[in-house]
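**Q** These protein sequences, in sequence, are chains G and Y.
For any residue, its number in the working numbering is found by taking its place in the first sequence, counting from 1, and adding 31.
For any residue, its number in the working numbering is found by taking its place in the second sequence, counting from 1, and adding 31.
Worth flagging that the hints you see were computed from the coordinates, not collected in a lab.
These numbers were taken from a predicted model, which means no experiment stands behind them.
Heads up, some of the hints might be wrong.
Copies of the same chain are indistinguishable here, so a pair counts whether it falls within one copy or spans any two.
Capping the alpha-carbon separation at 27 Å, the derived lysine-lysine pairs in DSSO-like fashion look like this [to be verified]:
hint, residue 1, residue 2
1, Lys249, Lys173
2, Lys61, Lys249
3, Lys249, Lys105
4, Lys237, Lys61
5, Lys105, Lys73
As a plain string of letters, each chain reads:
There are 2 protein chains.
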Amino acid sequence: MNSPAYRQIASELREAIERGTYPEGAALPKITEIAEQYGIAKQTARAAIAELEAEGLVEVGRRRGTTVRVRPVKQRLTRSRQVFRDERGYYFDPTAQPWNALEPPTITWGPAPRDVAVLLSAAPGEDVLIRDRIMGDVAARKPMQLATSFLPATLSRGTQLAERDTGPGGIYDLLENMGHGPLAWEETVGARMPAPAEAERLGLPKGIPLLRIVRTTKSPDGTVLEVNDTRMPADTFEIGYSITRHPSAVLPN
Amino acid sequence: MNSPAYRQIASELREAIERGTYPEGAALPKITEIAEQYGIAKQTARAAIAELEAEGLVEVGRRRGTTVRVRPVKQRLTRSRQVFRDERGYYFDPTAQPWNALEPPTITWGPAPRDVAVLLSAAPGEDVLIRDRIMGDVAARKPMQLATSFLPATLSRGTQLAERDTGPGGIYDLLENMGHGPLAWEETVGARMPAPAEAERLGLPKGIPLLRIVRTTKSPDGTVLEVNDTRMPADTFEIGYSITRHPSAVLPN
DNA sequence: CAGTGGTCTAGACCACAAC
DNA sequence: TTGTGGTCTAGACCACTGA
Numbered sequence: 032m033n034s035p036a037y038r039q040i041a042s043e044l045r046e047a048i049e050r051g052t053y054p055e056g057a058a059l060p061k062i063t064e065i066a067e068q069y070g071i072a073k074q075t076a077r078a079a080i081a082e083l084e085a086e087g088l089v090e091v092g093r094r095r096g097t098t099v100r101v102r103p104v105k106q107r108l109t110r111s112r113q114v115f116r117d118e119r120g121y122y123f124d125p126t127a128q129p130w131n132a133l134e135p136p137t138i139t140w141g142p143a144p145r146d147v148a149v150l151l152s153a154a155p156g157e158d159v160l161i162r163d164r165i166m167g168d169v170a171a172r173k174p175m176q177l178a179t180s181f182l183p184a185t186l187s188r189g190t191q192l193a194e195r196d197t198g199p200g201g202i203y204d205l206l207e208n209m210g211h212g213p214l215a216w217e218e219t220v221g222a223r224m225p226a227p228a229e230a231e232r233l234g235l236p237k238g239i240p241l242l243r244i245v246r247t248t249k250s251p252d253g254t255v256l257e258v259n260d261t262r263m264p265a266d267t268f269e270i271g272y273s274i275t276r277h278p279s280a281v282l283p284n
Numbered sequence: 032m033n034s035p036a037y038r039q040i041a042s043e044l045r046e047a048i049e050r051g052t053y054p055e056g057a058a059l060p061k062i063t064e065i066a067e068q069y070g071i072a073k074q075t076a077r078a079a080i081a082e083l084e085a086e087g088l089v090e091v092g093r094r095r096g097t098t099v100r101v102r103p104v105k106q107r108l109t110r111s112r113q114v115f116r117d118e119r120g121y122y123f124d125p126t127a128q129p130w131n132a133l134e135p136p137t138i139t140w141g142p143a144p145r146d147v148a149v150l151l152s153a154a155p156g157e158d159v160l161i162r163d164r165i166m167g168d169v170a171a172r173k174p175m176q177l178a179t180s181f182l183p184a185t186l187s188r189g190t191q192l193a194e195r196d197t198g199p200g201g202i203y204d205l206l207e208n209m210g211h212g213p214l215a216w217e218e219t220v221g222a223r224m225p226a227p228a229e230a231e232r233l234g235l236p237k238g239i240p241l242l243r244i245v246r247t248t249k250s251p252d253g254t255v256l257e258v259n260d261t262r263m264p265a266d267t268f269e270i271g272y273s274i275t276r277h278p279s280a281v282l283p284n
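Model the full assembly from the supplied sequences, consistent with the hints where possible.
**A** Below, the structure is given as structure tokens:
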């Protein structure tokens, strides 16, 4: 019935934040102050703050103290039902994004994450081609997305798919030129907590999940040719889809 | 340069899990064993385990000890670009889902979450109609989704929109009968960590984010008539969209 | 009912970031 | 330089849950 002290204190602070007692950017009491005020050990006060931090509600800094997180304005990725292509490549988002690759792609061979391996019909631990890119605001050197492509080894070994430069149409043009087209795509949106390596690469604060778009490229016979795994901070991105009413307004079949 | 002890221990355990030394469902060493093995205090060992727990990698139970989390098979919600309707109501997912409302909807008046209020053009703190439902597996009494509709007070006060029973076509038929149709929808997918109340209602373990679909209902003149906020555990759900190649394969305009 | 994690303390010292 | 959080300990006791 009774929740522990640190949790009750976290609740009180959470409610105060939601009530607006501590608006965005405002400083919460110092950990030592909380400890003194409630007559508890510093560790216990710290546990309360850690709980709010894990919820993504506050930000803690060494000299700064604890502040209510300022929620960034979300960038909306407008996903289209149709892929477009121009002389510079393919676009899955009809809205042009103002950021680009921060570094040249990293090309390695290694095992894919388990769920990606399943999509590729690769054995667990089997080596595949991994093309890893980090996208972001080039001017501000701010990373925003990790985009990794996985391709079957048998398909890509010794081909230009494993080169750093794949030309303007990228791997999709190459795949079509290799006779695997016309390509079809499908995408899945999910979320999970970042691994520490991902959190570091993206500069992710605690308590922020990753939004994940897994895009699968298929040949007409249904073979999966590529899986693209894009991860981005869920506090700065959201993905928009439009919906229309079916003419008959009746479930098919 | 040097990371703290608890973090190094967490890294070692994380790598062991990824290597398969501890497969899914396997028990990790007990906290007291870790403490003894590394010659550290129990608290420090516990901090290492807490880190893995916050990543959603392990599950901790009182008598059970620490086990590697078994990742459930994800249920795929296949989102359509078109809404369907039959005699039982509207369908945004053409795949019939095997679960339903666990309880009758809760109808209250209160302020909407900040981002929803913005969509509704409601002032912060302004009361709106809140229709809250919890969906899940009725037989197993297992909650799976929290679905909340928000409607402007001026639109819904005193109408059947604020009644528990809205009839077979639900609020969308009502809105169209009130002269606001034909309706159009748009949806946004995002993610965030759950508030404690949400975690409890959904039975969410630590380290699992919420996947969130915010669906906006608009009248032809662009007025937002309703905002539906659906939250579900990101470890059991993913949302699928299909993509086709644009006939001209060229960016429009 | 016993074994496991969960909470809490008092005090010490470390490490970073802002001034 | 120094104020803030960050880590760590040794020990105590609590509270759940599974056998």
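**Q** If a hint holds in the structure, say so; if it doesn't, say that too.
**A** The hints, checked one at a time:
{"no.": "1", "hint": "Lys249 / Lys173", "result": "neither (32 Å within a copy, 36 Å between copies)"}
{"no.": "2", "hint": "Lys61 / Lys249", "result": "neither (54 Å within a copy, 45 Å between copies)"}
{"no.": "3", "hint": "Lys249 / Lys105", "result": "between (31 Å within a copy, 21 Å between copies)"}
{"no.": "4", "hint": "Lys237 / Lys61", "result": "both (19 Å within a copy, 26 Å between copies)"}
{"no.": "5", "hint": "Lys105 / Lys73", "result": "neither (35 Å within a copy, 41 Å between copies)"}
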